[in-house]
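Asks: Going by this note's numbering, the sequence shown opens with residue 4, and the numbers climb by one from there.
Derived from the structure by calculation, the hints contain no laboratory data.
It is possible that some hints are incorrect.
[Stated by the list, open to error] Straight-line C-alpha distance at most 30 Å; calculated BS3-like pairs for lysine-lysine:
1. Lys81 <-> Lys104
2. Lys109 <-> Lys81
3. Lys142 <-> Lys30
4. Lys104 <-> Lys82
5. Lys82 <-> Lys108
6. Lys74 <-> Lys97
In this text, all values refer to a predicted model and were calculated from it rather than measured experimentally.
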Amino acid sequence: MESAGVAGDARLVGRRPLRLVEREVPKGDTDPKARSCYGRLRADTGRMMLRFVTGRPVSQVTEDYLAWVCKRLGEEGKKALLLVWDNAAWHVSKRVRVWIKSHNKKARAEGGVRIVTCFLPVKSPWLNPIEPKWAHGKKAVVEPGPLLAANEVRTRVCDYYGCEHLEPLAQLSA
Numbered sequence: 004m005e006s007a008g009v010a011g012d013a014r015l016v017g018r019r020p021l022r023l024v025e026r027e028v029p030k031g032d033t034d035p036k037a038r039s040c041y042g043r044l045r046a047d048t049g050r051m052m053l054r055f056v057t058g059r060p061v062s063q064v065t066e067d068y069l070a071w072v073c074k075r076l077g078e079e080g081k082k083a084l085l086l087v088w089d090n091a092a093w094h095v096s097k098r099v100r101v102w103i104k105s106h107n108k109k110a111r112a113e114g115g116v117r118i119v120t121c122f123l124p125v126k127s128p129w130l131n132p133i134e135p136k137w138a139h140g141k142k143a144v145v146e147p148g149p150l151l152a153a154n155e156v157r158t159r160v161c162d163y164y165g166c167e168h169l170e171p172l173a174q175l176s177a
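Make the full structure from the sequences, and use the hints.
Replies: As structure tokens, then:
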């Protein structure tokens with residue numbers, strides 16, 4: 004999710020719709036400009052499982068997120084996780100594929116949640132059921148006022164989706 008504002012007010016500009024525009028960050032602002040967030044839309048409950056990221060969404064963070072999701076689902080007695088994924092580099096990386104294969108081998112041997120991946124065709128986000136949820140969430144948390152701090156964005160997103168307020172996953176240094 005990126006820090007964004009709303010250009011114009013529909014009451015003031017007639018019938019033109021509100022538009023999201025990139026906001027200018029003041030010099031010296033140390034708050035991150037963009038916020039990375041992993042999310043999973045649950046088919047069984049319709050709820051989201053979200054984790055924000057400190058840093059960028061890289062393979063290591065993807066592995067951490069998947070481990071967290073599998074742990075949570077395992078606590079509910081689930082046996083498998085179906086991932087509908089786009090072709091983002093941190094989804095299709097060799098490291099993540101090796102991690103999933105290793106995770107599944109361990110889950111079969113010791114019990115646990117297996118991961119089944121379903122990759123979408125390139126440039127076809129409309130096939131992913133989570134995309135409309137993201138779009139509505141982005142519109143719900145922005146406002147025409149000043150830029151929102153990272154913590155405020157996280158709070159608003161978690162409140163909107165009814166998710167736990169968890170510490171962000173950390174991108175470890177290479």
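Asks: For which of the previously enumerated hints does the structure constitute a violation, in increasing order of number?
Replies: none
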